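Position chain B against the provided structure of chain A, taking the given hints into account.
Number of protein chains: 2
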Amino acid sequence: MRIENAVMGRKGILQKIFLGILVVHLLVIAVAAGYNKGLKIWPMPVSVSHGRGTLYLRNDLELRIDGRMYSDASGIFKDGFFRFLEILKGDHVFQTNISSFNSSLIIKGIHVVIVSPSDELQHGVDESYKLSVPMLGDPSYAYIEAKTVYGALHALEAPWIIFDEPRFSYRGLLIDTSRHFLPVPVIKKVIDSMTFAKLNVLHWHIVDEESFPLEIPSYPKLWNGAYSSSERYSMAQAAEIVRYAQRRGIHVLAEIDAPGHAKSWGIGYPSLWPSINCTQPLDVSNDFTFKVIDGILSDISKIFKYRFVHLGGDEVNTSCWTSTPHVSNWLKEQGLNGDEAYRYFVLKAQEIALSYGYKIVNWEETFVNFGSKLSRETVIHHWLRGGVVQKAVAAGFQCIVSNQESWYLDNVGTTWKTFYANEPLFNIRKPQQKALVMGGEVCMWGERVDGSDIEQTIWPRAAAAAERLWTPYDKVAKDTTEVTERLAHFRCLLNQRGVAAAPLTGWGRAAPMEPGSCYKQ
Amino acid sequence: MRIENAVMGRKGILQKIFLGILVVHLLVIAVAAGYNKGLKIWPMPVSVSHGRGTLYLRNDLELRIDGRMYSDASGIFKDGFFRFLEILKGDHVFQTNISSFNSSLIIKGIHVVIVSPSDELQHGVDESYKLSVPMLGDPSYAYIEAKTVYGALHALEAPWIIFDEPRFSYRGLLIDTSRHFLPVPVIKKVIDSMTFAKLNVLHWHIVDEESFPLEIPSYPKLWNGAYSSSERYSMAQAAEIVRYAQRRGIHVLAEIDAPGHAKSWGIGYPSLWPSINCTQPLDVSNDFTFKVIDGILSDISKIFKYRFVHLGGDEVNTSCWTSTPHVSNWLKEQGLNGDEAYRYFVLKAQEIALSYGYKIVNWEETFVNFGSKLSRETVIHHWLRGGVVQKAVAAGFQCIVSNQESWYLDNVGTTWKTFYANEPLFNIRKPQQKALVMGGEVCMWGERVDGSDIEQTIWPRAAAAAERLWTPYDKVAKDTTEVTERLAHFRCLLNQRGVAAAPLTGWGRAAPMEPGSCYKQ
Numbered sequence: 001m002r003i004e005n006a007v008m009g010r011k012g013i014l015q016k017i018f019l020g021i022l023v024v025h026l027l028v029i030a031v032a033a034g035y036n037k038g039l040k041i042w043p044m045p046v047s048v049s050h051g052r053g054t055l056y057l058r059n060d061l062e063l064r065i066d067g068r069m070y071s072d073a074s075g076i077f078k079d080g081f082f083r084f085l086e087i088l089k090g091d092h093v094f095q096t097n098i099s100s101f102n103s104s105l106i107i108k109g110i111h112v113v114i115v116s117p118s119d120e121l122q123h124g125v126d127e128s129y130k131l132s133v134p135m136l137g138d139p140s141y142a143y144i145e146a147k148t149v150y151g152a153l154h155a156l157e158a159p160w161i162i163f164d165e166p167r168f169s170y171r172g173l174l175i176d177t178s179r180h181f182l183p184v185p186v187i188k189k190v191i192d193s194m195t196f197a198k199l200n201v202l203h204w205h206i207v208d209e210e211s212f213p214l215e216i217p218s219y220p221k222l223w224n225g226a227y228s229s230s231e232r233y234s235m236a237q238a239a240e241i242v243r244y245a246q247r248r249g250i251h252v253l254a255e256i257d258a259p260g261h262a263k264s265w266g267i268g269y270p271s272l273w274p275s276i277n278c279t280q281p282l283d284v285s286n287d288f289t290f291k292v293i294d295g296i297l298s299d300i301s302k303i304f305k306y307r308f309v310h311l312g313g314d315e316v317n318t319s320c321w322t323s324t325p326h327v328s329n330w331l332k333e334q335g336l337n338g339d340e341a342y343r344y345f346v347l348k349a350q351e352i353a354l355s356y357g358y359k360i361v362n363w364e365e366t367f368v369n370f371g372s373k374l375s376r377e378t379v380i381h382h383w384l385r386g387g388v389v390q391k392a393v394a395a396g397f398q399c400i401v402s403n404q405e406s407w408y409l410d411n412v413g414t415t416w417k418t419f420y421a422n423e424p425l426f427n428i429r430k431p432q433q434k435a436l437v438m439g440g441e442v443c444m445w446g447e448r449v450d451g452s453d454i455e456q457t458i459w460p461r462a463a464a465a466a467e468r469l470w471t472p473y474d475k476v477a478k479d480t481t482e483v484t485e486r487l488a489h490f491r492c493l494l495n496q497r498g499v500a501a502a503p504l505t506g507w508g509r510a511a512p513m514e515p516g517s518c519y520k521q
Numbered sequence: 001m002r003i004e005n006a007v008m009g010r011k012g013i014l015q016k017i018f019l020g021i022l023v024v025h026l027l028v029i030a031v032a033a034g035y036n037k038g039l040k041i042w043p044m045p046v047s048v049s050h051g052r053g054t055l056y057l058r059n060d061l062e063l064r065i066d067g068r069m070y071s072d073a074s075g076i077f078k079d080g081f082f083r084f085l086e087i088l089k090g091d092h093v094f095q096t097n098i099s100s101f102n103s104s105l106i107i108k109g110i111h112v113v114i115v116s117p118s119d120e121l122q123h124g125v126d127e128s129y130k131l132s133v134p135m136l137g138d139p140s141y142a143y144i145e146a147k148t149v150y151g152a153l154h155a156l157e158a159p160w161i162i163f164d165e166p167r168f169s170y171r172g173l174l175i176d177t178s179r180h181f182l183p184v185p186v187i188k189k190v191i192d193s194m195t196f197a198k199l200n201v202l203h204w205h206i207v208d209e210e211s212f213p214l215e216i217p218s219y220p221k222l223w224n225g226a227y228s229s230s231e232r233y234s235m236a237q238a239a240e241i242v243r244y245a246q247r248r249g250i251h252v253l254a255e256i257d258a259p260g261h262a263k264s265w266g267i268g269y270p271s272l273w274p275s276i277n278c279t280q281p282l283d284v285s286n287d288f289t290f291k292v293i294d295g296i297l298s299d300i301s302k303i304f305k306y307r308f309v310h311l312g313g314d315e316v317n318t319s320c321w322t323s324t325p326h327v328s329n330w331l332k333e334q335g336l337n338g339d340e341a342y343r344y345f346v347l348k349a350q351e352i353a354l355s356y357g358y359k360i361v362n363w364e365e366t367f368v369n370f371g372s373k374l375s376r377e378t379v380i381h382h383w384l385r386g387g388v389v390q391k392a393v394a395a396g397f398q399c400i401v402s403n404q405e406s407w408y409l410d411n412v413g414t415t416w417k418t419f420y421a422n423e424p425l426f427n428i429r430k431p432q433q434k435a436l437v438m439g440g441e442v443c444m445w446g447e448r449v450d451g452s453d454i455e456q457t458i459w460p461r462a463a464a465a466a467e468r469l470w471t472p473y474d475k476v477a478k479d480t481t482e483v484t485e486r487l488a489h490f491r492c493l494l495n496q497r498g499v500a501a502a503p504l505t506g507w508g509r510a511a512p513m514e515p516g517s518c519y520k521q
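Residue numbers (the UniProt record's numbering), protein chains in the order written: chain A, 1 to 521; chain B, 1 to 521.
So that you can see chain A by itself, here it is in the shape it has in the complex (with noise of 0.2 angstroms):
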């Protein structure tokens, strides 16, 4: 393949994709829902036209970057484009004499025109595209104009598309590499897997009561609370992830949940604990426990560069602190019962992350029990009662969608159909309270996922999620039925890009029953 202005020969290997866009010099958009309903595209994008003829890719397709505006100095959509074609040549490769071919059906290269010289990922970049092909052009190129490099990347994804955006520009999911430790080849694929279906933010839960696998230079016997030695991440390898994750629009989010599922982190500093015997939440008493918190924070900080930090807060039972005579005796010294020493302790971790410079994400329970005294800017992260979302909207808070009863993938009797008909904005109706739900995200707890199984319990009902939180609302099937052949599809198209997604039928994660086709199981 060659890069900018190459001039090609005749002949060569052609490539034959089922572009199938007949446009005329003018663009033609916004089409109605109904003509769409034969595409095999996923997610569905806000606008799409095409025409019923076939076009073909030369093996050799050429790539042109204006670089008038971005230059693509760090080669992000170049590695793009190449993986583009690598997975483009896993189909339907065929060899021939390409001057027995009507030379305006061949698409010689891709030109890409990005507005924005910045390549810098972060909440909110704008990760919208145009794609067109026309027709006459003699050679044919097709066109992709984006405002960023990650909605060119996304238009790589979209062999049809005229034009796209994010219904919601938080489209996140979670991992948990403490309940299972992740070895980082997994996690790079599933961080490709996202890519596939515009997921766009990973939230990784690095540590929690189990096992404590990351690297903190400040404290450095915290990763004592590994499983083993070998079921850790260096500083180096955290880095790498985030890397690898910008380089295909991902965002990275990490979350440090405290004080409640934090037991692993005294195994080595015991004296994190309220006493040996009581070792959940974090002895809120202790300064060098905010310490702790304060050295993690930093040391993030420098290799962790989305916007956010989750401060999870989830799930806290003080009985540890009211019952351990000295914590409850400081509790008592300042006045505090045990709520209050939950919000002191969530607070105060609130005011450690902001001044590095985060916005804070923290489960719903903080806002639930001490709503009014969180940071204005917290974003609520919602996932166990319903009517949370509405009132913390309501309230004035941005949330984030993840509620168990439908996003939460570990729930393996949960339904791609139940994914795919969550809706974030329900029973949400003032514009301005609409405006401050961020997005959603689905959850692949670890309690009984590891590296042998987490990329079918996450595909396809991730996929599922994905459609939801992309595709504009009018677009998104009212029923179900509407969409399992097209979702079929992008299931088998995951399997041939190399990812484990299980079949539609049944629940998460099951092995097919019988033989038979992809597209049918």
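In short, the hints are calculated from the structure, not lab data. Not one of these hints is a red herring.
SDA-like mimics (lysine to any residue), calculated; alpha carbons at most 25 angstroms apart, straight line: (1) B/K189 - A/V184; (2) B/K40 - B/R486; (3) A/K89 - B/K188; (4) A/K40 - B/N224; (5) B/K189 - A/D192; (6) A/K78 - B/R83; (7) B/K189 - A/T195; (8) A/K89 - B/P217; (9) B/K89 - A/R243.
The structure presented is a predicted model; accordingly, all values stated were derived computationally and were not measured.
Leaving out everything else, chain B in the frame of chain A:
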């Protein structure tokens, strides 16, 4: 990384692996079995010794191939070396100033001596190797000596070993792309995973009753029997799979199963069926049937260069012959009953395969029903009845062992311990008969697996069989509790390399039941 004679400076990034070999100038070989108990190597080698020290690899490890004999013109070893480096870089890399290290602890590169100039991969190729790391030397090199490049590739899997070679020359894994189509990337990942356990034959059960996914240029309508136009392998893709395997030291045994298990052949050519209502076995009375077999073997012989081809011949129910008028008439004319026609069919197919220079493998029913009539060089593939291997070798036939009660991976109820304990030479005592057992094969039948769960259905149970097939009989554990920890370690190694190997506990491909360390599940 640099090849050949580059000179290194003293700064760089070190990579620490636990080579742990402190060997004086004389090689120390053949250690008592008990000494190996703590070694975390799978499969266990013929002989190994080691010290307790730790050595370090430079990140820019050199490769020096002694070019007097083997030149690696095709790059097979170089590619293997780079894959090895990529895997190493996944673990325990730390940055440091090299000058602060005792330079005699640093491995600067690997010197490889390969005796045979040929990189031809054929049955019976010498896969032995020697690996040594002398303590003295500044700088230090690791040394690999092997008869062929394929032995040298095995040495890259073995950080400790001094001398090793396989017990059996045929160590196979069957995959089935008829019951479920397996995309090419999935097959390639399976091939990669085989190399880690030193399996060396991919038995590709390409077509069967349910679907015919392979392009056959001589009879282009055969792949109308594919589930869909996407669920197909072009000849080019099949060639790519063979090439990918060959460069990793893996043979590909193509199976074209006939006359049973062949309904899908008739989708494109209905005259292959006895009748539209009675579609198996293939019509023995029709010359066209054998023309098609000839065409198939002609086409695949251009791609599948392994000395052997598998012609199936299992589970033949002749009722569609005896009950379909034109076929039963033909039987009468030929003076054959149903069983004799079965024999006639298999022998005629064998003649065709022999004419293309292949040696033949057939399932055991051919031996059981008419062994005395089979071509003498037929390899009998045992899967069904006890005692068949013993009878076949007593009759002078070579055998491959795949007894279903122990080595069928689709039986998820068969535990790894059963896989481990299955002894191919069970009840065979005479040396000349033992020598007729080429080896064995675990079978991943595809009725209830597809790309979403094939890896964890294969691993780690196939690894248990892999040790049975590689490791000398006196080193194979008699009590499977001795190997649990070592197999768990190997399973976690697979996960670290991105292979979705399931936990050891429970049935095949069980999900982990609770949070915990990889090494304990």
